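Protein chains in written order, with numbering that gives the first Met the number 0: chain A, 0 to 340; chain B, 0 to 335.
Derived by calculation from the structure, the hints in this document are not laboratory data. Please read all numbers here as calculations on a predicted model, not as lab measurements. Incorrect hints may have been included.
Unchecked claim - With a straight-line Cα cutoff of 30 Å, these simulated DSSO-like cross-link-like pairs (lysine-lysine) come out:
| hint | chain 1 | residue 1 | chain 2 | residue 2 |
| --- | --- | --- | --- | --- |
| 1 | B | 262 | A | 204 |
| 2 | A | 124 | B | 262 |
| 3 | A | 273 | A | 151 |
| 4 | B | 107 | A | 154 |
| 5 | B | 259 | A | 23 |
| 6 | A | 151 | B | 115 |
| 7 | A | 124 | B | 259 |
| 8 | A | 151 | B | 259 |
| 9 | B | 115 | A | 117 |
| 10 | A | 68 | B | 115 |
| 11 | A | 64 | B | 115 |
| 12 | B | 115 | A | 154 |
| 13 | A | 117 | B | 107 |
| 14 | A | 273 | B | 262 |
| 15 | A | 120 | B | 107 |
| 16 | A | 204 | B | 115 |
| 17 | B | 115 | A | 120 |
Unchecked claim - Partner residues aside, some chain B positions facing chain A, computed with beta carbon under 8 Å:
| hint | residue |
| --- | --- |
| 18 | 72 |
| 19 | 76 |
| 20 | 77 |
| 21 | 80 |
| 22 | 84 |
| 23 | 89 |
| 24 | 100 |
What the hints assert, rightly or not - Covered stretches of chain B (in silico footprint by chain A; criterion: 3 or more residues with CB under 8 Å from a CB of chain A, positions within the stretch not fixed):
| hint | region |
| --- | --- |
| 25 | 33–41 |
| 26 | 110–120 |
| 27 | 178–190 |
| 28 | 264–278 |
Beta carbons are placed, not taken as given, at the ideal position from N, Cα and C, and that holds for glycine.
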Amino acid sequence: MDTVRIAVVGAGVMGLSTAVCISKMVPGCSITVISDKFTPETTSDVAAGMLIPPTYPDTPIQKQKQWFKETFDHLFAIVNSAEAEDAGVILVSGWQIFRSIPTEEVPYWADVVLGFRKMTKDELKKFPQHVFGHAFTTLKCEGPTYLPWLQKRLKGSGGLILTRRIEDLWELHPSFDIVVNCSGLGSRQLAGDSQIFPVRGQVLKVQAPWVKHFIRDSSGLTYIYPGVSNVTLGGTRQKGDWNLSPDAEISKEILSRCCALEPSLHGAYDLREKVGLRPSRPGIRLEKELLAQGSRRLPVVHHYGHGSGGIAMHWGTALEATRLVNECVQVLRTPAPKSKL
Amino acid sequence: MRVVVIGAGVIGLSTALCIHECYRSVLQSLNVMVYADRFTPLTTTDVAAGLWQPYLSEPSNPQEAHWNQQTFNYLLSLIGSPNAANMGLAPVSGYNLFREAVPDPYWKDTVLGFRKLTPRELDMFPDYREQGAAGWKKPRDPRVLNPFQPTCPVDCYQVVKEGADVIINCTGVWAGALQPDPLLQPGRGQIIKVDAPWLKHFIITHDPERGIYKSPYIIPGLQAITLGGIFQLGNWSETNNIPDHNTIWEGCCRLEPTLKDAKIIGEWSGFRPVRPQVRLEREQLRFGSSNTEVIHNYGHGGFGLTIHWGCAQEVAKLFGKILEERNLLRTPPSHL
């Protein structure tokens, strides 16, 4: 049986986790991750990495719940192991707070996270502008630690890493048999997908080690996410904005909004600005496509478009992408019927 | 009116502050001084992890339960301040773990969000089958207490009494040196401070058969994590010892395996001032021809930080009575 040569385009959380998944679940293949950017310069490195999933209007809710649960369970096993620190996964408790009572008081993921409950009146006193809230314990998975850990695992199972900017998926033919497209926003060009667009997010990574709880305004615009070595303060959601340079006025404004929720942040120090472009799409694109050009064929598995839920959904969607890759492998390994001429 | 507070741990400093705040506006001549031989960071308070959490069983003196609650509410009111971190205050959530079912503690409605752990949460701690409580409390980093007019060290009652109208005795575990107290004993503790910033929750295990603080605990502070689990009644040794280090380290690493990667920052020993009840009462002591008013405020065991503000307020009340008796109060005190 010939080795099936798989190229994974993109080295953010999708590319690396899919590559690792394939290496574990698809026998007889070689894997090369190809990207122009690697950690710590990917979008995944800017994300706080909180497992609080967004909602995708074009993806069935059952699928979203499945993928979120698979990701949560996978990372929960890591956090309970001795690898937790190497993988950059931690447990963190906190609150999601609402300025008005939501129509859906209990979100679909309430039984996936730990200890989900409504906030008590006494707890809400801490947030005088808010009338309702969720309290729960979830996971935080930090790109700058998690991605190198994935890279190490990939290399350990024989995977290769190549720094190269791909302008066209056909560049990978015929060196590779299957392409897995995890290029995020790059798919606008690589897959000609006009449905994917950036939602710009600016954050501050600050020192405030006394902050032990996350606080998230339900709008998703203001949040405080304590991590291993810093606290992420956010943020913005600027649709269609491709600008990767931080804006000082926005930083001031983010700090002000966060201090309103957590006054002790006035004492935060060593503030660093970061910008990431969420690869947003009405639904996550997880499907096979057989590219054809003349007599050339290139099977592609698309795995991108997670918007603000990349880290929250990555393992579940990587498992699904791996199943699709497996299907492609089966097709390649099935002897073609003799064509009748 | 010369008030001398002896002791500059959390009890001495908070009592001094409370008296000063309550009475300075109604008593022009009020002068409060804190005398001690040890100041932060060398007090017993500085060794404590500083988590607000009373013992699980109800105190023999029901007033202590009230003082605990008063302290929690007071600290909670300070949490919303921009200065909270500088004061050494922050909310923290976590787990109390038991091997068997136990009733909810009497203070479950004082803390915020108290609840039993779910089965999945309990699965994280395979040695512990039952229950747990998650709720937020305050680790108060004792090193950041505001010192209040610290003055010269002292170790003799006599020296003090000659110039003092009222003496507040906050000498903690060493109160016996000033006046014998057979009910007071050291409850020696040893702790290891580590750098493990990925830990955001406290984890406190309980073994009712062995007794309080004899089971591993992990308490994140504002900058470092405190590991402990030592309680030795009657042991006056202030040096760290290796068997205790090993007990703490092995117990805590079993509880939280990621600690194996934690960097040890330091190790300390301290004496919890253990007493069946807190001694909070007035006494008139005769020295030669004069009477000196003494208010005792010591014997807070392993819950000094948990109870300190309630006790300080109670001392202030007793002080107010002294002022009334001496006709020194022109107007009622500002707040009690």
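Hints, verified against the model:
no. : hint            : verdict
1   : 262(B) - 204(A) : holds (23 Å)
2   : 124(A) - 262(B) : violated (37 Å)
3   : 273(A) - 151(A) : holds (25 Å)
4   : 107(B) - 154(A) : violated (50 Å)
5   : 259(B) - 23(A)  : holds (28 Å)
6   : 151(A) - 115(B) : violated (39 Å)
7   : 124(A) - 259(B) : violated (38 Å)
8   : 151(A) - 259(B) : holds (21 Å)
9   : 115(B) - 117(A) : holds (14 Å)
10  : 68(A) - 115(B)  : holds (23 Å)
11  : 64(A) - 115(B)  : holds (25 Å)
12  : 115(B) - 154(A) : violated (43 Å)
13  : 117(A) - 107(B) : holds (17 Å)
14  : 273(A) - 262(B) : holds (29 Å)
15  : 120(A) - 107(B) : holds (15 Å)
16  : 204(A) - 115(B) : violated (34 Å)
17  : 115(B) - 120(A) : holds (18 Å)
18  : 72              : violated (10 Å)
19  : 76              : violated (10 Å)
20  : 77              : violated (10 Å)
21  : 80              : holds (6 Å)
22  : 84              : holds (4 Å)
23  : 89              : holds (4 Å)
24  : 100             : violated (18 Å)
25  : 33–41           : violated (count 0)
26  : 110–120         : holds (count 7)
27  : 178–190         : violated (count 0)
28  : 264–278         : violated (count 0)
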